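Participant: Spelled out, the chains give:
There are 2 protein chains.
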Amino acid sequence: MNFTERQNKIIEIVKEHEPVSGDRIAGYLGLSRATLRSDLAVLTMIGILDARTKVGYFYTGHDVKPLVYDQLFDLPVKEIMITPILVEQTLSVYDAVTNLFMYDVGSLYVKNEADELIGVISRKDFLRFVIGNANAENTPVAMIMTRMPNIVTVTPDVSILEAGNLLMKRRVDSLPVVSKDNPLKVVGKLTKTRLMSHFIQSGNDSNNS
Amino acid sequence: MNFTERQNKIIEIVKEHEPVSGDRIAGYLGLSRATLRSDLAVLTMIGILDARTKVGYFYTGHDVKPLVYDQLFDLPVKEIMITPILVEQTLSVYDAVTNLFMYDVGSLYVKNEADELIGVISRKDFLRFVIGNANAENTPVAMIMTRMPNIVTVTPDVSILEAGNLLMKRRVDSLPVVSKDNPLKVVGKLTKTRLMSHFIQSGNDSNNS
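Here the protein sequences line up with chains A and B, keeping their order. So the first sequence is numbered by full-length UniProt numbering: it starts at 1 and just counts up by one. So the second sequence is numbered by full-length UniProt numbering: it starts at 1 and just counts up by one.
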């Protein structure tokens, strides 16, 4: 949903001259009051303008950009994905945990010699292993990772809403984003944190544009 | 933003009789075409109805409930918070990790004898300790938890947007929700996961109401 040029002009006029009657707005635009009726109804209903009887239109000050469903939920994952940390399957659990802290991430992706995605390890996987086993230095990550084909992945064009539903249903912290042509080639990572910050950022943008 | 009774009636009429002209809609309602002009403009602009010249109005089938800023971002935290798992500070790290897996949560809150919040421990804290120390069975959680006053908390009336910004800025996985009267009394928990599912659920609801 986007404003028309005329609606944007109306908003500017009200910002400058509030409170201002519909007739005066029409005057500024050189249009009839009747012509503006729908625009004023839309802007009032959406909450950009406030109308008070016998006083006129006010700018609500919210400066609310209408929330756009497309921007929030229909955007493809590739627009917000982050870069994953990829490690070799021979890396020890101990060194992998070091990586986890060094990069301050919640999970690592594991690749083979051909750079193909073969596994995913999360903080939870690490903790489960380490709490019961002191031998983190001599155990390769390959022994504790979740393996293909048990990894839920998405392609870059999947919508944010679809990816979010997958994260919820499969109860995972991140989704590897893989190439459409090669489902083993990782091109990105979508985490719950990234998704949350996308929504919060949209809320911030909508609040003070 | 809510639809008026008349707007809801218009939607129902179009659903049933599409394609239907503005005049016929006015006829069904016993109103003049001019009276309906703003309503039809609003519904078309929002994307509930589609208007085709010389054909009439169609129901888009999207059944898009307009995204409501208030519902998405202004809702108080208490509307979506979950119940935290609280443990005693004398519990061993080992037993605490067992709790973490049993309840499948990402963090535990620690209370004292007076049921006051005194600490928070996350998977990350556990992992950091356990990777370097085999003595998880004889170490109390009090030794590894993040302590008050270093814990970021929110009260139940804080908005979702504000809480989300705190989660992002402070880089924590959850916020204890504490009583307004007693900042040490935990009444809930807001996690990044809960916040993400709130947004995704809103997207789902908006998509098929």
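Just so you know, the hints here were simulated from the structure itself, not pulled from any lab data. Every value quoted in this text rests on a predicted model; they were computed, and no experiment measured them. Watch out, some of these pointers could steer you wrong.
Pairs involving identical chains hold if they fit within one copy or between any two copies, as the list cannot separate such chains.
[Unchecked claim] Below are the SDA-like pairs computed for lysine to any residue, each with C-alpha atoms no more than 20 angstroms apart in a straight line:
(1) K124 - P156
(2) K9 - D70
(3) K15 - K54
(4) K124 - D173
Participant: If a hint holds in the structure, say so; if it doesn't, say that too.
Facilitator: Hint-by-hint comparison with the structure:
no.: 1; hint: K124 - P156; result: neither (26 angstroms within a copy, 29 angstroms between copies)
no.: 2; hint: K9 - D70; result: neither (24 angstroms within a copy, 26 angstroms between copies)
no.: 3; hint: K15 - K54; result: within (18 angstroms within a copy, 37 angstroms between copies)
no.: 4; hint: K124 - D173; result: both (10 angstroms within a copy, 14 angstroms between copies)
Hint violations for this structure: numbers 1, 2, all remaining hints satisfied.
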